[in-house]
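Number of protein chains: 2
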Amino acid sequence: MDKKIIGIDLGGTTIKFAILTTDGVVQQKWSIETNILEDGKHIVPSIIESIRHRIDLYNMKKEDFVGIGMGTPGSVDIEKGTVVGAYNLNWTTVQPVKEQIESALGIPFALDNDANVAALGERWKGAGENNPDVIFITLGTGVGGGIVAAGKLLHGVAGCAGEVGHVTVDPNGFDCTCGKRGCLETVSSATGVVRVARHLSEEFAGDSELKQAIDDGQDVSSKDVFEFAEKGDHFALMVVDRVCFYLGLATGNLGNTLNPDSVVIGGGVSAAGEFLRSRVEKYFQEFTFPQVRNSTKIKLAELGNEAGVIGAASLALQFSKEK
Amino acid sequence: MDKKIIGIDLGGTTIKFAILTTDGVVQQKWSIETNILEDGKHIVPSIIESIRHRIDLYNMKKEDFVGIGMGTPGSVDIEKGTVVGAYNLNWTTVQPVKEQIESALGIPFALDNDANVAALGERWKGAGENNPDVIFITLGTGVGGGIVAAGKLLHGVAGCAGEVGHVTVDPNGFDCTCGKRGCLETVSSATGVVRVARHLSEEFAGDSELKQAIDDGQDVSSKDVFEFAEKGDHFALMVVDRVCFYLGLATGNLGNTLNPDSVVIGGGVSAAGEFLRSRVEKYFQEFTFPQVRNSTKIKLAELGNEAGVIGAASLALQFSKEK
Chain A
1 MDKKIIGIDL GGTTIKFAIL TTDGVVQQKW SIETNILEDG KHIVPSIIES
51 IRHRIDLYNM KKEDFVGIGM GTPGSVDIEK GTVVGAYNLN WTTVQPVKEQ
101 IESALGIPFA LDNDANVAAL GERWKGAGEN NPDVIFITLG TGVGGGIVAA
151 GKLLHGVAGC AGEVGHVTVD PNGFDCTCGK RGCLETVSSA TGVVRVARHL
201 SEEFAGDSEL KQAIDDGQDV SSKDVFEFAE KGDHFALMVV DRVCFYLGLA
251 TGNLGNTLNP DSVVIGGGVS AAGEFLRSRV EKYFQEFTFP QVRNSTKIKL
301 AELGNEAGVI GAASLALQFS KEK
Chain B
1001 MDKKIIGIDL GGTTIKFAIL TTDGVVQQKW SIETNILEDG KHIVPSIIES
1051 IRHRIDLYNM KKEDFVGIGM GTPGSVDIEK GTVVGAYNLN WTTVQPVKEQ
1101 IESALGIPFA LDNDANVAAL GERWKGAGEN NPDVIFITLG TGVGGGIVAA
1151 GKLLHGVAGC AGEVGHVTVD PNGFDCTCGK RGCLETVSSA TGVVRVARHL
1201 SEEFAGDSEL KQAIDDGQDV SSKDVFEFAE KGDHFALMVV DRVCFYLGLA
1251 TGNLGNTLNP DSVVIGGGVS AAGEFLRSRV EKYFQEFTFP QVRNSTKIKL
1301 AELGNEAGVI GAASLALQFS KEK
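Which chain is which? The protein sequence lines are A and B, in order. Here the first sequence is numbered in this note's numbering, starting from 1 and rising by one per residue. Here the second sequence is numbered in this note's numbering, starting from 1001 and rising by one per residue.
Calculated from the structure, these hints are not laboratory results. Mixed in with the good hints, there may be bad ones.
No more than 27 Å apart at the CA atoms, straight line, and that leaves these computed lysine-lysine pairs for DSSO-like [to be verified]:
1. 152/A to 1297/B
2. 1061/B to 152/A
3. 223/A to 297/A
4. 1299/B to 1231/B
5. 1152/B to 1003/B
6. 1080/B to 1282/B
7. 80/A to 1152/B
8. 29/A to 41/A
9. 1321/B to 152/A
10. 1321/B to 1029/B
11. 321/A to 80/A
12. 297/A to 1080/B
13. 61/A to 321/A
14. 1041/B to 1016/B
15. 1282/B to 1297/B
16. 1003/B to 1223/B
17. 1152/B to 321/A
18. 80/A to 1297/B
19. 1152/B to 299/A
20. 1062/B to 1003/B
21. 16/A to 80/A
22. 231/A to 299/A
23. 1016/B to 1152/B
24. 1223/B to 1282/B
25. 4/A to 80/A
26. 1321/B to 1062/B
27. 1041/B to 152/A
28. 1004/B to 1321/B
29. 321/A to 1321/B
30. 1061/B to 1282/B
31. 231/A to 152/A
32. 297/A to 1152/B
33. 152/A to 1299/B
34. 321/A to 4/A
Covered stretches of chain B (chain A as the covering partner; in silico rule of three or more C-beta atoms under 8 Å from a C-beta of chain A) [said to hold, decoys possible]:
35. 1152-1162
36. 1289-1297
Idealized CB from N, CA, C, for every residue including glycine.
Turn these sequences into a full structure, and let the hints steer you where they fit.
Structure follows, in structure tokens:
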């Protein structure tokens, strides 16, 4: 039998698992709830138990697996295989995840942060088409990302490579939770889009359902902004244009710096699809020099929820090759 | 005898050569004039002849060498080892440099563009301290650069990775020769510094020798701007501050994206030394999030003119290891 890989996507609500072939085809998948009680001390044991159960169920044994990969929130020490500061898991102290899982299951284990792992997934089996140079940006509650360059996932000297949410797109912009200002995250995360709408609504005088909803104190979401824009609301279109200007500037400078085959946009905000992509691309082209404009593409993510488990499998596969 | 490497730095005026140990110690160096006559057709033959002559002079033979590396102006096809569009060499058609040199000398040959090669040099034996993650920026007539990430020199999908001179630092900025606007090069190359001075002089009303020189139509250089600033000229200090603001924004975003161990600044404008570096660092800190601010350093280049031949040797060494 060909060897298999286990990919795990650890989140604050659910833990997703998959068994994949070494070609990245998902053969089995399942998930369990994340039990974050008692400082998240049940999380790793429940992962171990769930994998044991499934291995038995499928009549497999540890020798059948190349390895296990996992994406996690928080700060990861990829050498040691530990996590710290994953607040949505209640993990505030250092968690020796790799040691616990390897000693319990006897299968090699590799760990990285969830945005990097999603980048590996989109690069391997998604929009990145397994190209050696792919950048992934996820527009969700925050803005994260991961960079694969010359075939390698980048980490940098302190593990911050790929943190594109904190690229400065406006030196005089909004304050960010990171302590500086004008970060991409402040204007293109789900809350960032609403922030831009609230800010611009103060100046907009015309007729707009979106502006009216904001002025009425309704609970407007990023999704609402895009829906109003798609229906032709002038003010909503203005907001989307401003958001895409910032995304085009940031992705343009990623292109000018790294010239990847593609910059892949995922996360909840990217549900706006081609309506978003085409507008980001317009500004990307404005902010890139000709050779980059003609070679680097702006794409939408393709894997959705599966990017995590597929990327985790990719991580395990790379880890097994490096050994 | 331990094997040696030959490094070549091909420029429009001179061709520099060095013989180095595999530890990067320069043992011999020499140079010849670049003969760009007749479409630069004498360049490669003169390189071959010069190396043959030196190999004989030192009683060495081709087996004594790991390889030859070269940095060149123009667009390089690193796979094929060809160069095109090196206008200061009069090379307007594709030059099969690798093929010519390897068939004449029988020593493996590797080629890359001069900014990438200088980056390899500064990373290996200069300010980069052989760290796997180093970015090099050269502030000269133009602004170029090279990126080493996870130990690899990056090229991107069309060879444009590291072209940091065309990062957009001001969406409403000056027109650039590349066809877009607001590029770092327009405000921090030697001519860019003077451009910023001329632009700001229109608004400055106070007492300044620099402004007077500009208003008198004198031929002011980037060096003059920094010299006036170091003497305390208020207007010159304002110009330097603006230039360093842009450099801090660009290097800050390189830090936020790639989190290298260091961003190394070289080229003619960097002759301003610590006066420049400390001011770039101030803005770098303003434009980076805490983990990057505390881990990525802004440094001055250390190798000067030797970066080219040392980096070329590094290229040859990497090339020999990949085979």
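Each hint tested on the structure:
1. Simply put, residue 152/A and residue 1297/B have alpha-carbon atoms about 23 Å apart, close enough for the 27 Å limit, and the pair holds.
2. Of the pairs offered as hints, the one joining residue 1061/B and residue 152/A is violated, with about 38 Å between alpha carbons and a cut-off of 27 Å exceeded.
3. Between residue 223/A and residue 297/A the alpha-carbon distance is near 25 Å, which keeps this suggested pair within the 27 Å criterion.
4. Using a Cα cut-off of 27 Å, the hinted pair residue 1299/B and residue 1231/B holds, with the two alpha carbons roughly 23 Å apart.
5. Using a Cα cut-off of 27 Å, the hinted pair residue 1152/B and residue 1003/B holds, with the two alpha carbons roughly 23 Å apart.
6. Our distance criterion of 27 Å between C-alpha atoms is broken by residue 1080/B and residue 1282/B, whose separation comes to about 43 Å.
7. Restraint check for residue 80/A and residue 1152/B: the C-alpha separation of about 23 Å stays at or below 27 Å, so the hint holds.
8. At roughly 24 Å between alpha-carbon atoms, residue 29/A and residue 41/A fall within 27 Å of each other, so this suggested pair holds.
9. Annotation: proposed proximity of residue 1321/B to residue 152/A holds, straight-line Cα distance about 18 Å (limit 27 Å).
10. Our distance criterion of 27 Å between C-alpha atoms is met by residue 1321/B and residue 1029/B, whose separation comes to about 24 Å.
11. For the hint pairing residue 321/A with residue 80/A, the CA-to-CA distance comes to about 18 Å; that is within 27 Å, so the pair holds.
12. Straight-line distance between C-alpha atoms of residue 297/A and residue 1080/B comes to about 25 Å, which keeps the hinted pair within the 27 Å bound.
13. Annotation: proposed proximity of residue 61/A to residue 321/A holds, straight-line Cα distance about 21 Å (limit 27 Å).
14. Distance restraint check for residue 1041/B and residue 1016/B: the Cα-Cα separation of roughly 18 Å lies within the 27 Å cut-off, and the hinted pair is therefore satisfied.
15. This hinted pair checks out: residue 1282/B and residue 1297/B have alpha carbons roughly 11 Å apart, not beyond 27 Å.
16. A distance of roughly 42 Å separates the Cα atoms of residue 1003/B and residue 1223/B; the hinted pair therefore is violated under the 27 Å criterion.
17. About 18 Å separates the Cα atoms of residue 1152/B and residue 321/A, which keeps this hinted pair within 27 Å; it holds.
18. A distance of roughly 25 Å separates the Cα atoms of residue 80/A and residue 1297/B; the hinted pair therefore holds under the 27 Å criterion.
19. Proposed proximity of residue 1152/B and residue 299/A is supported: the alpha carbons are some 25 Å apart, at most 27 Å.
20. With a C-alpha separation of about 10 Å, the suggested pairing of residue 1062/B with residue 1003/B holds against the 27 Å cut-off.
21. At most 27 Å may separate the alpha-carbon atoms for a hinted pair to count; residue 16/A and residue 80/A meet this at roughly 23 Å.
22. The hinted pair formed by residue 231/A and residue 299/A meets the criterion: a straight-line CA distance of about 23 Å does not exceed 27 Å.
23. A C-alpha spacing of about 25 Å is found between residue 1016/B and residue 1152/B, which places the hinted pair at or below 27 Å, so the restraint holds.
24. Taken as a hint, the residue 1223/B and residue 1282/B pair is honoured in the structure, with Cα atoms around 21 Å apart against an allowance of 27 Å.
25. With a C-alpha separation of about 24 Å, the suggested pair residue 4/A and residue 80/A falls inside the 27 Å cut-off, and the hint holds.
26. Annotation: proposed proximity of residue 1321/B to residue 1062/B holds, straight-line Cα distance about 18 Å (limit 27 Å).
27. With a C-alpha separation of about 39 Å, the suggested pair residue 1041/B and residue 152/A falls outside the 27 Å cut-off, and the hint is violated.
28. Restraint check for residue 1004/B and residue 1321/B: the C-alpha separation of about 14 Å stays at or below 27 Å, so the hint holds.
29. Between residue 321/A and residue 1321/B the alpha-carbon distance is near 18 Å, which keeps this suggested pair within the 27 Å criterion.
30. For the suggested pair residue 1061/B and residue 1282/B, the alpha carbons sit about 51 Å apart, so the restraint of at most 27 Å is broken.
31. A C-alpha spacing of about 42 Å is found between residue 231/A and residue 152/A, which places the hinted pair above 27 Å, so the restraint is violated.
32. Taken as a hint, the residue 297/A and residue 1152/B pair is honoured in the structure, with Cα atoms around 23 Å apart against an allowance of 27 Å.
33. Between residue 152/A and residue 1299/B the alpha-carbon distance is near 25 Å, which keeps this suggested pair within the 27 Å criterion.
34. At most 27 Å may separate the alpha-carbon atoms for a hinted pair to count; residue 321/A and residue 4/A meet this at roughly 14 Å.
35. As drawn, the segment 1152-1162 of chain B meets chain A at 11 residues by the rule of a beta-carbon pair under 8 Å; at three or more, the given contact holds.
36. Coverage of a stretch by a chain is defined here by at least three residues with a beta carbon nearer than 8 Å to that chain's beta carbons; for the segment 1289-1297 of chain B and chain A the count is 7, and the condition holds.
Hint compliance for this structure: hints 2, 6, 16, 27, 30, 31 are broken, all remaining hints hold.
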